[in-house]
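Trainee: Here is what each chain is made of, one letter per residue.
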Amino acid sequence: MAPDRPPQPPVSAGAVAAVPTPPLAGRLKGMLALLIVGAIVVLAYRQTSFDLEALFTGAADFWRFFGRLVPPFSEVGSDWGAYLPELVGPLIETLQIAYVGTFFGTLLAMPLIFLASANTANDPVTMWIARTLLTVLRSIPDLLWAAILVPILVVGPLPGALALTLFSIGILAKLGSETVESADPGPLEALRAAGAGRTATIVYAVVPQVAATMVSYILYVFEINVRASVIIGLVGAGGIGFTLQTRLNFFDYTGVGLIIVVIFAVVLIIDSISVWARSKLI
Amino acid sequence: MSDQSHARPLQIPRPPASQVRNRYALLGGAGLSVVLLVVVLITMNLPTWDRVMLGLRRTLPPLWRGFTNPDFELFPLAFNAMMETFYMAVIGTLLGGVLAFALSFLAARNLLGGTARAMPGKALLVAVRTFPEILLAIIFVAAAGPGPTAGIMAMGIHSIGFLGKIFSDVIEGIDPGPLEAINAAGGNQIQVFFFAVVPQVLPEFASNLLYRFEINLRAATILGLVGAGGIGGPLLQRLSFRRWDEISMILIVIIGFIIVVDAISSRVRRQLV
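Taken in sequence, the protein lines are chains A and B. Taking the working numbering, the leading residue of the first sequence gets 1, the next gets one more, and so forth. Taking the working numbering, the leading residue of the second sequence gets 1, the next gets one more, and so forth.
By construction, these hints were calculated from the structure, which means they are not laboratory data. Computed from a prediction, not measured in an experiment: that's the story for all the values here. Certain hints may be false.
[As the list claims (entries may be wrong)] Computed footprint of chain B on chain A; a stretch qualifies when at least three of its residues, placed anywhere within it, have a C-beta under 8 Å from a C-beta of chain B: (1) 185–192; (2) 206–217.
[Stated by the list, open to error] Here are the simulated DSBU-like pairs of lysine-lysine, each with C-alpha atoms no more than 35 Å apart in a straight line: (3) LYS165/B with LYS29/A; (4) LYS174/A with LYS280/A; (5) LYS165/B with LYS280/A; (6) LYS29/A with LYS174/A; (7) LYS165/B with LYS174/A; (8) LYS165/B with LYS122/B; (9) LYS280/A with LYS122/B; (10) LYS122/B with LYS174/A.
All C-beta atoms, glycine included, are put in the ideal place defined by N, C-alpha and C.
Let's have the full structure, built from the sequences with the hints guiding it.
Mentor: This is how it looks when you write it as structure tokens:
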């Protein structure tokens, strides 16, 4: 201890125990929130009759099922070496669907981004309409879009591409308008003060600020679309998911196993490329 | 100043070289993507225009009739199915949260002492995240039979990837001060964990759990398409019979429910962080 330190007053036992307590209102609010969440969880557990025990008692069945997916342990189904080349066609179709969906989704999202952002919107009414449209587009998952569009359009890649287009618009416009709204208002004001119109303001003041982020978001949406395009075939919207559905109907489990492995590999590869490219952008 | 402006009239400065380069890169990228689109559209197995128009002429009039007259008698059934979907998402998110909570400490660099030791955990999380949820659902339906349990398992397992990554990022970003303080005051590892780590990460964890719940609620609406419980099952039946008046009612319930839950959830999240 330093010798020049002034003598400390003796610490009483009472002072040590006086750890400050958080305010009562905050604690009550926290407890109430916990109570509500707990009630919902208990209700949900009972309503879904979720069976945690079955997972352990059924574990043997589960591993036996996995065994059936892999050729050496399974006598039924396709030979992996012979079946693999047949998957190339559906796989290319899958990537085509993802690309077309991303392209048209981006194209259609662009005007909506500027209509839905507070700092570039025309007027409050169109902004509200644009935002509502985007909320509805986003609240329907991609697979559901595909399931709705397959009976309307012909079975095949067309409804798949359209489903991904619609879903991409929703995500991209949401992410995009958040970026546009956080853009530096300086250049916008400068151009408006110099008498530039709305289009010129957007092109010269907003676009240069958000371009890099937008490209990164487009890549991100492409990632999402690749993931979606491998599965939308399950409802008849083309691609490798359609092949998967056929194999499932034939109980060709080794075929199903191979398709799952291939899908996993493709998604992993596209994801890593996209993540790498995005890290270079921003 | 005034001399100069007389000698040289006001000139807009040229944009810096990097900006010009970026502009060309952007235009080049856009051009390339259009070329690629043309190639893809030519090679793609698209139906003929006549075939599409024939299909549209056949489906659009009944579709319009159905969507303008939703079958309100189906509302109780649709709402109950949506509540089941909601409950599935609750348990699925909770399951994913618990599993991710345990795993996230095995993927946090600062707790394990080194990037190399966190690598296996991080790789596992990436693998889980990449595996499509609906494939998990197919596997669980085949192994455990159809029903909400299969869907909950699929959601729970898939959520680990996302939540585990976020959780471990949060843990890596905590302030080491409180940890050292409790250590210095003689606290053991368990006390450090409960009084220094947990209070710091709890709000972020709760907020991300809620965010994941929003995602899972959307996912849960489609899990029924492969027999894993929820509103997707009744919807798929009606889609195959093209009962548009009932389909539109179910869609209204799904969209309305999701918008309301999203609004509540994002409000709570703003309070948390």
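Trainee: Now tell me if each hint is right for this structure.
Mentor: Structure-based check of all given hints:
no. : hint                   : verdict
1   : 185–192                : violated (count 0)
2   : 206–217                : holds (count 4)
3   : LYS165/B with LYS29/A  : 29 Å, holds
4   : LYS174/A with LYS280/A : 23 Å, holds
5   : LYS165/B with LYS280/A : 21 Å, holds
6   : LYS29/A with LYS174/A  : 32 Å, holds
7   : LYS165/B with LYS174/A : 23 Å, holds
8   : LYS165/B with LYS122/B : 7 Å, holds
9   : LYS280/A with LYS122/B : 21 Å, holds
10  : LYS122/B with LYS174/A : 29 Å, holds
Consistency with the previously given hints fails for number 1 only.
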